[in-house]
Amino acid sequence: MTQRVMMTGNNALAEGAIAGGCRYFFGYPITPQNDIPKYMAEHLPEVGGVFLQAESELASINMVYGAAATGAYVMTSSSSPGISLMQEGLSYMLGSELPCVVVNMVRGGPGLGNIGPAQSDYWLATRGAGHGDGRCLTFAPASVQELHDWAFEAFPIAQRYRAPVMILGDALLAGMSEPVELREHREPPPRRQEWAVGRPREGRQRAIVNSLWTDVEVMEALNQRIAGRLSEAQANEVRWEEYGADDADIALAAYGISARVCKTATDDLAEAGIRARLIRPISVFPFPVKPFREWSQRVSRIISVELSWGQLIEDVRLAVEGRCPVDLIGHSGGVVFTPEEVVYRVKELL
Amino acid sequence: MSETRVGHAEAEVLYHRPAGLTDVQMRYCPGCTHGTAHKLIAEVVEELDILERTVAVATVGCSVYAYEYFNTDAVQAAHGRGPAVATGIKRVSPESIVFTYQGDGDLAAIGLSEVIHSAQRGEKITVIFLNNAVFGMTRGQMAPTTLVGQRTTTTPLGRDPALSGMPMMICEMLSAIPGVAYLARETMIDPKTVRSAKRSIRKAFQSQIDGAGFSLVELLSTCPVWWHKQPLEAMQWIRDEMLPQYPLSVFVDYDG
Amino acid sequence: MKKRFEVVINRDHCKACGLCIEFCPQDVLGTSEQRNEAGFYPVEVKRPEECIGCMNCALMCPDACIEIYTVVVEESVKS
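So the sequences go chain by chain: G, Y and E. Quick note: the first sequence uses the numbering used here, first residue 284, plus one each step. Quick note: the second sequence uses the numbering used here, first residue 7, plus one each step. Quick note: the third sequence uses the numbering used here, first residue 697, plus one each step.
These are calculated hints, taken from the structure and not from any lab test. The beta-carbon is built from N, C-alpha and C at its ideal position, and this holds for glycine as well. Take these hints with a grain of salt, some might be off.
[To be verified] Pairwise CB distance ranges, derived in the manner of DEER restraints:
#1 Y:Arg201 / G:Asp416: 30 to 40 Å
#2 E:Asn732 / Y:Arg201: 23 to 33 Å
#3 Y:Gly171 / G:Glu470: 47 to 57 Å
[To be verified] Straight-line distance between alpha carbons at most 30 Å, and here's what the computed DSS-like set of lysine-lysine pairs gives:
#4 G:Lys630 / G:Lys573
#5 E:Lys699 / Y:Lys235
#6 Y:Lys198 / E:Lys742
#7 E:Lys698 / E:Lys742
#8 Y:Lys198 / Y:Lys235
#9 Y:Lys198 / E:Lys699
#10 G:Lys546 / G:Lys573
#11 E:Lys699 / E:Lys742
#12 G:Lys630 / G:Lys546
#13 E:Lys698 / Y:Lys235
Please model the complete structure; the sequences and the hints are all you need to start from.
Now the structure itself:
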């Protein structure tokens with residue numbers, strides 16, 4: 284019997300992860316995600332899991348790396364400045380073909396920034412998995428329920444593609460309360476992956492988890508393998524949602540908390556006689572190219588509405604391939620749109 | 007008198023290449039005591055009968071290929087992060103015997119936070135710390151453990167404490183931490199010190215088997231190439247120059 | 697019956713560091729005149745009968761090139 288409760292985004296995400304089989308969490312305090320390690324500290328031991336507060340984000344991601352090397356369902360969470368510190372670790376995870384889940388509750392930046400909501404880590408999430416080729420699969424929930432559900436689903440996805448999965452939230456989603464239907468708990472599978480270390484030896488070959496390949500052709504083969512899996516993800520893991528007019532004149536591109544605002548703005552625009560279609564990427568890598576390609580042939584412009592100065596818009600432009608103008612409505616540093624503001628700025632652009 | 011030669015199969019093995027080493031030739035320079043340290047670790051894990059459940063964490067430096075030499079499961083860690091990686095492995099798999107193998111750049115420079123916090127947590131891992139007072143792999147820069155007056159590529163006139171501080175005393179620092187179960191500084195410059203080093207390495211791994219806490223063995227080691235010395239000269243330099251700065255000692259022994 | 701000791705050196709892995717020669721108390725070991733594949737003149741056993749099985753060479757070798765066997769020697773008398 285499913286339970287329906289009011290929860291904050293942070294707590295719903297943490298509960299979703301545990302329900303999905305996460306048993307290991309290594310993390311460090313940073314606002315606005317501190318309730319995630321708190322929840323993990325309180326509830327992981329109840330399911331036989333391990334919570335450890337590390338000495339830094341750098342140590343956290345490396346503990347995740349070690350745990351991931353054993354095949355375990357492991358995660359960490361942080362916010363923008365801490366994610367920057369984790370980029371080296373993400374590169375190592377990709378290069379060593381290891382799965383894990385990383386949560387980024389994005390805050391105002393750059394630099395120390397502030398604790399307001401932002402979407403200015405889009406590049407970091409979709410491009411910035413440290414040095415080298417390879418990207419994190421990245422999903423952008425837009426509600427507390429979606430945070431819960433994506434945390435539940437992320438672990439087997441990470442295992443399938445042997446890569447980090449990043450869940451992109453923000454300071455508003457992290458702290459707001461909404462009703463959540465809770466998923467039933469499931470156990471993680473036993474650690475039997477043939478690449479995993481620390482399993483009983485039982486006559487098997489020793490397992491080596493490594494990303495150092497001085498033979499350049501072997502290194503290239505690794506990169507091709509990684510690219511191959513990411514291609515597979517592009518075929519199978521694309522998610523998006525559309526809302527609004529079927530006969531729209533314009534389209535809005537927005538994800539996460541921006542999309543929540545834009546949903547209301549779409550209704551308000553309709554009342555003002557402007558037919559708008561909201562295209563909400565849920566997977567931001569792999570990016571939902573298809574709806575943008577199709578809608579760019581039907582609308583007069585597409586407007587990227589994001590809490591940044593222009594990151595999502597680049598992927599929109601790539602998908603649109605010049606078929607229609609693409610504009611930006613942006614905010615940054617923790618400032619958030621109201622629906623009224625979005626309507627006003629859309630009208631200004633038209 | 008004639009001799010009946012009984013073949014090797016019937017001869018008693020007095021010393022064999024340890025099972026803890028693979029057949030891969032170690033790439034270290036001639037006379038570099040990295041190889042000696044690998045050999046001792048390999049002997050210990052075989053003798054303690056933990057070979058099948060040992061996981062090696064290779065780190066960055068001359069020993070970056072350690073995962074090719076130890077006949078165990080292995081994980082390559084980023085520079086300095088070995089103890090954090092080892093923590094992740096050990097927390098998931100406490101029945102594994104997890105050790106890191108780190109040079110002085112890896113442990114005492116970039117990785118200082120990770121090793122201190124692992125000790126602070128009493129993390130049940132074993133750290134083997136090769137101190138040769140220089141960054142070897144990157145061609146001879148100053149390390150935190152470089153001696154005063156020692157010439158390196160980044161201290162061409164010799165290390166000046168006014169610019170770069172004094173050499174870092176890792177064992178002395180860690181000896182204040184309650185979570186440490188076994189802590190010793192050894193070297194491998196003659197048969198006596200090699201045997202002593204092996205004893206400490208064995209005690210360190212035993213302390214992990216016993217779940218007693220964090221263990222670390224600092225091994226004063228040679229770097230013939232970047233010290234610009236022949237192997238034997240390098241051994242003598244340890245005796246004459248390093249020992250006065252880094253005295254050999256067992257600092258913490260959970261069992262003693 | 698007496699024992700003697702046989703020192704076996706992996707000449708392909710030997711890097712001619714000289715430590716085993718230096719620490720052998722019995723002058724059992726010396727340098728070969730034949731280079732190995734890597735270009736080193738590896739160590740070889742020169743005076744096997746002098747070995748007392750102290751294992752200093754195996755202890756000091758950084759490349760674990762040395763194995764040592766105890767060989768039982770049978771004496772037979774010519775009739």
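Now the hints, each set against the structure:
Our hint of 30 to 40 Å for Arg201 (chain Y) and Asp416 (chain G) is violated, since their Cβ atoms are close to 49 Å apart. Range check, Asn732 (chain E) to Arg201 (chain Y): about 29 Å between beta-carbon atoms, so the 23 to 33 Å window is met. A C-beta distance of roughly 52 Å is found between Gly171 (chain Y) and Glu470 (chain G), which places it inside the suggested range of 47 to 57 Å. Taking the CA atoms of Lys630 (chain G) and Lys573 (chain G), the gap is about 26 Å. The hint holds against a cut of 30 Å.
Distance restraint check for Lys699 (chain E) and Lys235 (chain Y): the Cα-Cα separation of roughly 39 Å exceeds the 30 Å cut-off, and the hinted pair is therefore not satisfied. Restraint check for Lys198 (chain Y) and Lys742 (chain E): the C-alpha separation of about 25 Å stays at or below 30 Å, so the hint holds. Proximity of Lys698 (chain E) to Lys742 (chain E) is assessed by CA-CA distance (about 21 Å); at most 30 Å being required, the pair is judged to hold. The straight-line distance between the Cα atoms of Lys198 (chain Y) and Lys235 (chain Y) is roughly 22 Å, inside the 30 Å bound, and the hint therefore holds.
Only pairs whose Cα atoms come within 30 Å are accepted, and Lys198 (chain Y) paired with Lys699 (chain E) is accepted, the gap being roughly 25 Å. Using a Cα cut-off of 30 Å, the hinted pair Lys546 (chain G) and Lys573 (chain G) holds, with the two alpha carbons roughly 20 Å apart. For the given pair, Lys699 (chain E) sits about 19 Å from Lys742 (chain E) by alpha-carbon distance, which is consistent with the 30 Å threshold. The straight-line distance between the Cα atoms of Lys630 (chain G) and Lys546 (chain G) is roughly 16 Å, inside the 30 Å bound, and the hint therefore holds.
Taking the CA atoms of Lys698 (chain E) and Lys235 (chain Y), the gap is about 42 Å. The hint is violated against a cut of 30 Å.
In summary, the structure is inconsistent with hints 1, 5, 13 from the numbered list given earlier, while agreeing with the others.
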